[in-house]
Amino acid sequence: MIEIRLHGRGGQGAVTASRILATAAYEEGQYSQAIPMYGTERRGAPLTAFVRIDNQRVRERMLVHEPDISIVLDPLIAKQQGVVESLKAGGIVLLNTAMAPEEVKLGGDFKVATVDATTIALEVLGRPITNTAILGAFVKVTGALKLESIEKAIKKYFPGRLGDMNIAAVRRSYEEVKGPIQAVVKSGVQEKMDLNVGGYGVLKDVSSWRVFTPEVDVDKCISCKACWIFCPETAIQWDEAKKKPYIEYNKCKGCGVCANECPVKAIEMVRVEV
Amino acid sequence: MSERITRAQIPMEEMGITPGSACQGCGAALAARLAFKALGPNVIRHGVPCCPDTVTKTPQIGTVFEGGGALLTGTSRGLKAIGREDVLAVGFFGDGGTYDIGFQGLSAAAERNENILVITKDNEAYMNTGNQRSGATPKYATTSTNPVGPKSRGKEQPKKNIPFIFAAHYVPYVATASVAFPEDLIAKVNYAKTITGFRIIIIQSPCPVGWRFEPEKTIEIARAGVQAGIWPLFEIQNGHDFKLNYKPKELKPVTEYLKPQARFRHMTEAEIAEVQEDTTSKWQSLIQSDEMGKVLI
Ligand SMILES: Cc1ncc(C[n+]2csc(CCOP(=O)(O)OP(=O)(O)O)c2C)c(N)n1
Ligand code: SF4
Ligand code: SF4
Numbered sequence: 001m002i003e004i005r006l007h008g009r010g011g012q013g014a015v016t017a018s019r020i021l022a023t024a025a026y027e028e029g030q031y032s033q034a035i036p037m038y039g040t041e042r043r044g045a046p047l048t049a050f051v052r053i054d055n056q057r058v059r060e061r062m063l064v065h066e067p068d069i070s071i072v073l074d075p076l077i078a079k080q081q082g083v084v085e086s087l088k089a090g091g092i093v094l095l096n097t098a099m100a101p102e103e104v105k106l107g108g109d110f111k112v113a114t115v116d117a118t119t120i121a122l123e124v125l126g127r128p129i130t131n132t133a134i135l136g137a138f139v140k141v142t143g144a145l146k147l148e149s150i151e152k153a154i155k156k157y158f159p160g161r162l163g164d165m166n167i168a169a170v171r172r173s174y175e176e177v178k179g180p181i182q183a184v185v186k187s188g189v190q191e192k193m194d195l196n197v198g199g200y201g202v203l204k205d206v207s208s209w210r211v212f213t214p215e216v217d218v219d220k221c222i223s224c225k226a227c228w229i230f231c232p233e234t235a236i237q238w239d240e241a242k243k244k245p246y247i248e249y250n251k252c253k254g255c256g257v258c259a260n261e262c263p264v265k266a267i268e269m270v271r272v273e274v
Numbered sequence: 001m002s003e004r005i006t007r008a009q010i011p012m013e014e015m016g017i018t019p020g021s022a023c024q025g026c027g028a029a030l031a032a033r034l035a036f037k038a039l040g041p042n043v044i045r046h047g048v049p050c051c052p053d054t055v056t057k058t059p060q061i062g063t064v065f066e067g068g069g070a071l072l073t074g075t076s077r078g079l080k081a082i083g084r085e086d087v088l089a090v091g092f093f094g095d096g097g098t099y100d101i102g103f104q105g106l107s108a109a110a111e112r113n114e115n116i117l118v119i120t121k122d123n124e125a126y127m128n129t130g131n132q133r134s135g136a137t138p139k140y141a142t143t144s145t146n147p148v149g150p151k152s153r154g155k156e157q158p159k160k161n162i163p164f165i166f167a168a169h170y171v172p173y174v175a176t177a178s179v180a181f182p183e184d185l186i187a188k189v190n191y192a193k194t195i196t197g198f199r200i201i202i203i204q205s206p207c208p209v210g211w212r213f214e215p216e217k218t219i220e221i222a223r224a225g226v227q228a229g230i231w232p233l234f235e236i237q238n239g240h241d242f243k244l245n246y247k248p249k250e251l252k253p254v255t256e257y258l259k260p261q262a263r264f265r266h267m268t269e270a271e272i273a274e275v276q277e278d279t280t281s282k283w284q285s286l287i288q289s290d291e292m293g294k295v296l297i
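For the protein sequence lines, the chains are F and X, in the order given. So for the first sequence, our numbering puts the first residue at 1; every next one is plus one. So for the second sequence, our numbering puts the first residue at 1; every next one is plus one.
Keep in mind that the hints were calculated from the coordinates and are not lab data. Keep in mind that a hint or two might mislead.
[Claimed, not checked] Cβ-to-Cβ under 10 Å is the rule here; a few derived chain X residues that face chain F:
1) Ala8
2) Gly16
3) Gly20
4) Gly74
5) Ala270
[To be verified] Listed next, the in silico BS3-like pairs over lysine-lysine satisfying Cα-Cα at most 27 Å (straight line):
6) F:Lys155 / X:Lys57
7) X:Lys259 / F:Lys265
8) F:Lys178 / F:Lys140
Because the structure is a prediction, the values reported are computed rather than measured. Every residue, glycine too, gets a C-beta built ideally from N, C-alpha and C.
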């Protein structure tokens, strides 16, 4: 049996990716399961999903606690040691990052493969939805499933042109993935990011939710206050003295509403460097 | 009726505590931010199950879906009993909590003319649990319980006309609002604070995930909805006095609202024409009511 854990953020399609994997395995005559981690997953918030694939009936119904493969759809999450937590010895972690596997700072007894799925998704799909883009890389580095079955499964979930675009993303990631190589560092840096934030309440810092960050050009700004009044998170503060907005970045989820509403385009959404 | 305000008159103080756990670009998070900004500190917030919008500094109490109207009634009467009528019992509910599951309790509270204010963040489906259709879902929208397929065109029934249903309880104040028109929204909350009895404001609050559009378009889509006449902004007092708050010389075509949302992507020309015709004819009757200053319910 192969057990897989997927890490992503709401909106990147980790749950859909888990279903595509399970469907592709089924297409190959195998038994499979896709399990989303139940919570109130929000677009932008970290979340996990799980897959099991076997050539006989899968009787387990619990979450995957010791995966053979960890797939990480988000470049910021890819820096967290948590993504390799309880990974089986000799397992594989597949990261969405522009880094080469040699540069990855995660440590332990496992193999590392990398692919810049965000760039592929932005270029092929026009949106930072990395779930399909990473699956081509998965096929190449694990050999667990065939490319054709992934493509067949994608067609089921995304009929028509959308399916073709997603398949193009899959093929590109199959070509561009680097690794797997044995993890370079022995023990990784422990970071404290919660990889499964669900539920309600006030959060401390949502900076990591952003793929794009708003930047205000105060010289262009005509002080209309549109960005201030329309920010759902109150991340835009109003400086009464200067009559200009400023952004509290710990509150900004990078939705882009402010940039879209600014009548003089004084706010630009800039891709986050990771 | 509400009195117009300008952007400069919007209070600077925030009642919301952020960042919250809502999705990127959540219309309901903004609806909560704006409504509670206008309400100020003297309120007790009541909630029923729904998406996490914006947490507020106000005291808060929650109950089951069906219990919103009853809980608000209890608080309001309790406040009266202890002589604290300066504090307002406010319900902030989803469309499921207003149009459907919470309806009978709210209808009863409306009929008794309880001294409460209900604010509905209408995102047109049960979003917290994954976009199931509600009475607020518009015709043709695809949802997880009305998915478009070979035999389905999305939701078959029209959106329930909940403002008119509440107006038909002859309550003091019913209003619609939109997150794209914050001055109008805040003016309506301001006005609602000055009167007593049952008041309800329904705020259309686009949901990027359920309506399927990129989160930066939340306001753009809400604005197009109002400008196309799909979500008209109006006030009804005592089930009689009527005022339309936004009257463009010409409505925008409904396509400007429908096209950017993937929940309507499957719609045919004929289906769009049907929505256009329906929207135009309803708009004409609202214009007539506005000219008479009254509505016949
Ligand atoms: C009686 C009952 N049925 C179902 C649920 C599960 N539930 C929790 S939140 C929710 C959706 C709420 O939808 P809505 O009122 O439209 O608010 P939104 O989530 O869209 O903000 C549901 C169905 C429940 N809590 N109680
Ligand atoms: S990107 Fe969204 S959350 Fe960030 S400041 Fe702009 S409107 Fe607010
Ligand atoms: S919307 Fe643009 S012009 Fe208006 S205050 Fe914000 S940055 Fe300035």
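Practice item. List, from low to high, the hint numbers that the structure doesn't satisfy. Key: Of the numbered hints, 4, 5 and 6 do not hold.
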